[in-house]
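Chemist: Line order of the protein sequences matches chains A and B.
Numbering (my numbering) for the first sequence: 1 to 434.
Numbering (my numbering) for the second sequence: 435 to 948.
Where hints are given, some of them may not hold.
[Said to hold, decoys possible] Taking lysine-lysine pairs in the DSS-like style, the calculated list, with each CA pair at most 30 Å apart, reads: (1) B:K786 - A:K58; (2) B:K848 - B:K867; (3) A:K87 - B:K668; (4) B:K786 - A:K7; (5) A:K7 - A:K29; (6) B:K756 - B:K822; (7) B:K756 - A:K58.
[What the hints assert, rightly or not] Reference listing, derived: stretches of chain B covered by chain A, where coverage requires no fewer than 3 residues with Cβ under 8 Å from a Cβ of chain A: (8) 679-692; (9) 749-755.
[Unchecked claim] Cβ pair distances, simulated, as ranges: (10) B:E841 - A:R6: 41 to 47 Å; (11) B:A728 - A:G31: 43 to 49 Å; (12) A:E26 - B:F866: 55 to 61 Å; (13) A:M375 - B:N868: 36 to 42 Å; (14) A:G82 - B:A915: 18 to 24 Å; (15) A:Y119 - B:E502: 23 to 29 Å; (16) B:R901 - A:R6: 46 to 52 Å; (17) B:F866 - A:G31: 34 to 40 Å; (18) A:A253 - B:R914: 52 to 58 Å; (19) B:R824 - A:H302: 27 to 33 Å; (20) A:G31 - B:N738: 26 to 32 Å; (21) A:S306 - B:R824: 31 to 37 Å; (22) B:H577 - A:Y119: 28 to 34 Å.
Since the hints were derived computationally from the structure, they do not count as laboratory data.
Glycine residues also receive a C-beta, built at the ideal position from the N, C-alpha and C atoms.
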Amino acid sequence: MPIHQRKHETKQGPLDAARHRAKQREAIKRGMRDIVADESIITRRREEKVKVPIRGIKSYRFKHGSPSGEGGGVGQGEGEPGDVIGKKPGGGSKPGQAGDQPGEDYIESEIELSELIQYMLEDMGLPNMEQKDVAKLVTPEGWTFKGISRSGLRPNIEKKRTLEQGMRRLVHFLEELKRETGRSEEECETALELAHGDLNEALELLRDPSFSPETHIPATAVIEREDFRFRTMEEDVEYHSNAVVLAMMDVSASMGTEKKFIARSFFFWLVEILRHMYDNVEIRFITHTTEAKVVDEYHFFHKGESGGTFCYTAFDLAADLVGSQYPPSKYNIYPFLFSDGDDWNPELTVKSLRRLLDLGVNMVGYGEIMERSVMSNLMRHVENVLALRPVSSQHDPSVVVSESARHQFLAVLFEDERRILPAIKELLRKERWQ
Amino acid sequence: MTEEQKRLEKIDQRIQEILEEWGLSVTSIDFEIVPSQRMFEIMAYGLPVNFRHWSRGRDYERLRTIYEHSGSGLPYEMVLNTSPPKAFLMETNPFPVQVLVMAHVYAHVDFFTQNRFFEATPSDITVQAYEAAKRFDRYEERHGLSRLEPLCDAGLALQYNIDPDIHKSKESRQEQMDRLYGEEEPESGAVRDSFEELYPRQKSERPDSRDLVHTTPLEPERDLLGYIQQKSPKPLQDWEQDVLSVIRNQGLYFYPQMRTKIMNEGWAAFWHERVMRRLFEERYLTPEEHGYYAQYHSAVLAENPFQLNPYLVGKRILEDVKKRWDTGRYGKRWREVEDEHERENWDTQENKGLDKIFRLRTVYSDRMLLEHFLTDELVHDLQLYVYKERRSRDGGKELVIAESRPEVIRQQLKELHADGGQPRILVTNGNFKNRGELYLEHVFEENPLDSEYLQKTMEHVHFIWGRRVHLKTVEVLMDRAGRTYQRNVLHHFNGSTHTVTDLDSGSTRDSRMK
Chain A
1 MPIHQRKHET KQGPLDAARH RAKQREAIKR GMRDIVADES IITRRREEKV
51 KVPIRGIKSY RFKHGSPSGE GGGVGQGEGE PGDVIGKKPG GGSKPGQAGD
101 QPGEDYIESE IELSELIQYM LEDMGLPNME QKDVAKLVTP EGWTFKGISR
151 SGLRPNIEKK RTLEQGMRRL VHFLEELKRE TGRSEEECET ALELAHGDLN
201 EALELLRDPS FSPETHIPAT AVIEREDFRF RTMEEDVEYH SNAVVLAMMD
251 VSASMGTEKK FIARSFFFWL VEILRHMYDN VEIRFITHTT EAKVVDEYHF
301 FHKGESGGTF CYTAFDLAAD LVGSQYPPSK YNIYPFLFSD GDDWNPELTV
351 KSLRRLLDLG VNMVGYGEIM ERSVMSNLMR HVENVLALRP VSSQHDPSVV
401 VSESARHQFL AVLFEDERRI LPAIKELLRK ERWQ
Chain B
435 MTEEQKRLEK IDQRIQEILE EWGLSVTSID FEIVPSQRMF EIMAYGLPVN
485 FRHWSRGRDY ERLRTIYEHS GSGLPYEMVL NTSPPKAFLM ETNPFPVQVL
535 VMAHVYAHVD FFTQNRFFEA TPSDITVQAY EAAKRFDRYE ERHGLSRLEP
585 LCDAGLALQY NIDPDIHKSK ESRQEQMDRL YGEEEPESGA VRDSFEELYP
635 RQKSERPDSR DLVHTTPLEP ERDLLGYIQQ KSPKPLQDWE QDVLSVIRNQ
685 GLYFYPQMRT KIMNEGWAAF WHERVMRRLF EERYLTPEEH GYYAQYHSAV
735 LAENPFQLNP YLVGKRILED VKKRWDTGRY GKRWREVEDE HERENWDTQE
785 NKGLDKIFRL RTVYSDRMLL EHFLTDELVH DLQLYVYKER RSRDGGKELV
835 IAESRPEVIR QQLKELHADG GQPRILVTNG NFKNRGELYL EHVFEENPLD
885 SEYLQKTMEH VHFIWGRRVH LKTVEVLMDR AGRTYQRNVL HHFNGSTHTV
935 TDLDSGSTRD SRMK
C-alpha cells in the first residue's frame, strides 16, 4: 500500500487559531481588573512575557463534578492516601506558577505586556499613542536655517537649489535652440556657451549659416537672477515629549504588605502606561518613612521597610529633584504619593505639597489606601487647604476622586487591589489631559 | 521516492505479514507522511478537513505549543476509521518510530473493523466533513458568523449527548408505540452497552391514546441533540438543521472511539510491541535504531499522575488477561485454590490467552473491560489511586491522593468510562407544562454535575430550543462536619436568568454564577 507525501497547505488551523485569539483578547479585556491586580506581573523580570491566566474560553458540555465542587480523578504512580501529588496556584493576587496539574479547561495564555497596555489604553479611550501628541513641549534652542526663499541676502545663497534651477534653465534653452534652428545638440551647446548664456545671442549665432564650430564646448548651467535661492533663518525650537514620574511611596510600618502591593501595582501600571504615552519617560523612585530617599526601581518594587511617617519629606525631595534636574519647561512632571494617610505632621505635608504645585508641575497625585472606608486625617487636611471637591468616578463608584479647582491636584481613595484599574483609569481620563 | 520511503514500504509489507500470521485482520492502509503543522491540524479537527470553529483553532494552537515547548514530543499518529483506512505519520518522527506507529496503526484498524461498537460507523465521514465545511462557509457568508458561531457552540456542547446505538434503532413513532405498549416483545438487535444494562426498559400500561398524542418523547430520549434539532419549537431553519445534524453525525462517528479508548490503545500497544520485537529479531531494523524505539515506546507507556494512560493501562489489562487464560487462572477452580504456594505456581497450560483477548477486542468497551478485568492485583501493580482537589494552606489548591482501595477505584472508573465519560441526560418531556418547554433529567449515580458547566450548557440548549429549559438532577452538598448529603433539584433557565428549585423543600432561588 502506498506511503506518500504531499505538499500541504496548513490553512484552517491558523485561521481558526486567529479566531480563538480574538476571543481570548475579549476575555482579557473583560478580565483586566483581575489581571491588573496580579502580583506576578509586577514582580516578573522585565524581559519576560506576562503570563495571563484566562478563563472563559472553555468548551462547555454536561460533565461530572465532585461533591465538594472541586476537581479530582483517577491517576497513577507512587503514593499513599494523603500524599500531595500536585499543586494549583491560588487565584487573585497571590503569586504562583502553574504547576503540572491537569485542567484542560484552564487555559493559560501568554501575551506581551505592551499588548495588554494597548488594551488598557483603548479601554480608557486614550488617543492612539503613536501620535504622542498628548503633551509636547517646545523649547527654543537658538536660530537655525529652516526654509528656502527666492529673495534673501547674498551670504545665504542655497547653492544646490540655485544650481538646480540653472540646470533646468539650460535644458530648456537647448530645447528652444534646437527647435528654432534645427541644429545639433553639440552646436547649440557651443553657441550658448560662446554667448555666455544669452539665449538671443546664441540664436543669432546659430542662424548664421557660416557658424560651424570645429570644437564642441559643453554648456554649463545658466543662472539668471530669478534662479537664485536663499536660505531663511528661523528661531530654532525642539519638540519634547518628555515626562518624568516622581513615584513616591510611604514604606513605613503602617503600610502593610497588602497596601504596599497596591501602591506598587498602581505605580507599575502608571509607569507602563506613561511609557507608552511619551517618547521619553523617566521615573524616579522615592520611598519615605521619617526621611525620604531616592531608590532604584528594584528596591522600590521589591524591598520593604518600616519606621515612622513624615510625608512632607517625600514632597520636599520631589521638589528638589524638579529644581535641580527636571525643569518644567522641558518635562511633563507627575509627582505621585501613595500612602495610607498615616502622617505625623499633616500641616507640614500640605505646605510642602503647595510648594511643589507652585513649581509648575503638571499634576500632583495622591493615592490613599483606606482602611475600612475611613478617610485619613491627612486627606481631610489636604481637602480643606486645597478646597477639593469630590468627583464621582465614571469607572467605579467605589473609587473616590477629588479634584482641586485651583490647583493641579488629584486625590484617589480606594480600598483594595480590585480598584487599581478603575483608579488608574480615573487618573488618566482623557479630559484631564486636554 | 526516497530510500527511506522504500525501506519503510518493505517493512510495511513485513508488518502486514506478521500481523496476519498472528490472526489480526489486516486491511491495507493509505499512509501519508505530513509535516507537524498539518498533523496538529488533523488532530484538532478530528478529520483532514472539517468545518471551521474557534475551538479547533484553540486545540491546534495548544498541540503546536506543547510540541514546540517540549522539543520532541510523542510519536504523533492519527488514524481515520474510513474505507480504506487512512493514517498520518509525522514527518519528524525518526525512522524506527515511524515503523512503531505503522505497526500500532494496523492494530487500530483491526480493532475498527472487528469491534462491534464500530459496526455502524459511516465510512465516508471525511467526504461528509469536507462537503459540510464548504456548506458552513456559505452559511457564514449568508447569515453571518454571529449566527453560525453560537449555533456551532451549542451543537458542539451537545455533540455527545446522543444515542450512539441509534443507527440500529431507527423506528417510527408508531413502531416505538408498538414496542412500548404493544403485545409483542420486539427483536432487540440493537447493541446496548451500559445504558440498557443499567436501566432496563419496563413495560408500562398503555395510557389513553389522546394523552399519547401530546406526549413527546414517548419514552425518555437519550439523543438530546437529535431531539432538540428535530423538535425545536423555534423552529430551526434548514441551514440550522443542517449544522446540527452534521455535528451530531460526527458525534456518532467519534463516539465508538471514545467508549473504546483504553481497549483500542491497549490493543494497539500490545501488538506494536510484539511486532517491533520481531522486526528487530529479523534485522529489518538495526540495533542502533533500538535506542530510539525504546525511548519513544517508554514515553508512550509512561505513567500519568493525573489520569489513566490508556496505552499503558489497556495493554497491562490485556497482558494480564492473556496470562490468566494461558495458565487457567480464572473460573471456579482457580477461585477455590487457597494455598498461597499453589496459587503462585498455578498453570493448567490451557493457552487460551490469545483467544480470550481477541474475544475482548470484538465485544468489549472500556467500561466492560475495567469492570470485569481490572483486578485488585492490577490496581495494586499499576499503582492506581483516586485523587481529590483541596485548599492548600498557601491559599492555592492541591491535589491529594484520597483512595487506593481497588473497589472504590473500579467504581469510579466504571462511572468515568460508561457512555464515553458523558453524564446521562435524558429528554423526558418536550412539552412541559403544555407550553413547549423542555424538561431534561440527569440520571444520577454517584457524581453530581459540574454546576458551572451545567448552567452554560443549559444556555446552549436554550439557544437551540428557544423556550424555557429545565433540568432535574441531584446536588451533593457538604455539611459543616464534612459529611455529604443529597438534594433533588430542578434547574431552570429562561433565556436570561438561572434559578433552581429544591424539590425536597420546594423553595426556589436565584442561582447566578459568580
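Chemist: Would you say the C-beta atoms of A253 (chain A) and R914 (chain B) sit inside 52 to 58 Å of each other?
Modeler: violated (38 Å)
Chemist: Okay, E26 (chain A) versus F866 (chain B) on CB: inside 55 to 61 Å?
Modeler: violated (35 Å)
Chemist: Would the pair K756 (chain B) and K58 (chain A) pass a check requiring their Cα atoms to be no farther apart than 30 Å?
Modeler: violated (41 Å)
Chemist: For Y119 (chain A) and E502 (chain B), compare the CB-CB distance with the range 23 to 29 Å and indicate the outcome.
Modeler: Holds: the Cβ-Cβ distance is about 26 Å, inside 23 to 29 Å.
Chemist: How about the stretch 749-755 of chain B: do at least three of its residues have a C-beta closer than 8 Å to a C-beta of chain A?
Modeler: n = 0 at 8 Å, threshold three: violated.
Chemist: Take a look at whether the Cβ-Cβ distance between R824 (chain B) and H302 (chain A) falls inside 27 to 33 Å.
Modeler: holds (32 Å)
Chemist: Quick one: are E841 (chain B) and R6 (chain A) within 41 to 47 Å, going by C-beta?
Modeler: Once the Cβ atoms are compared, 52 Å apart, the range 41 to 47 Å for R6 (chain A) and E841 (chain B) is violated.
Chemist: Within 36 to 42 Å: is that where the Cβ-Cβ distance between M375 (chain A) and N868 (chain B) falls?
Modeler: Given about 60 Å between the Cβ atoms, the range is violated.
Chemist: Okay, the stretch 679-692 of chain B and chain A, do three or more residues pass the C-beta test at under 8 Å?
Modeler: violated (count 0)
Chemist: Between A728 (chain B) and G31 (chain A), is the Cβ distance one that fits in 43 to 49 Å?
Modeler: holds (45 Å)
Chemist: Does K867 (chain B) lie within 30 Å of K848 (chain B) when you go C-alpha to C-alpha?
Modeler: Between K848 (chain B) and K867 (chain B) the Cα gap is close to 36 Å, so the pair fails against 30 Å, i.e. violated.
Chemist: Given the hint that K786 (chain B) pairs with K58 (chain A), does the C-alpha gap stay at or below 30 Å?
Modeler: It is violated: about 47 Å lies between the C-alpha atoms, which goes past 30 Å.
In the structure shown, a violation is registered for the earlier hints numbered 1, 2, 3, 4, 5, 6, 7, 8, 9, 10, 12, 13 and 18, in ascending order.
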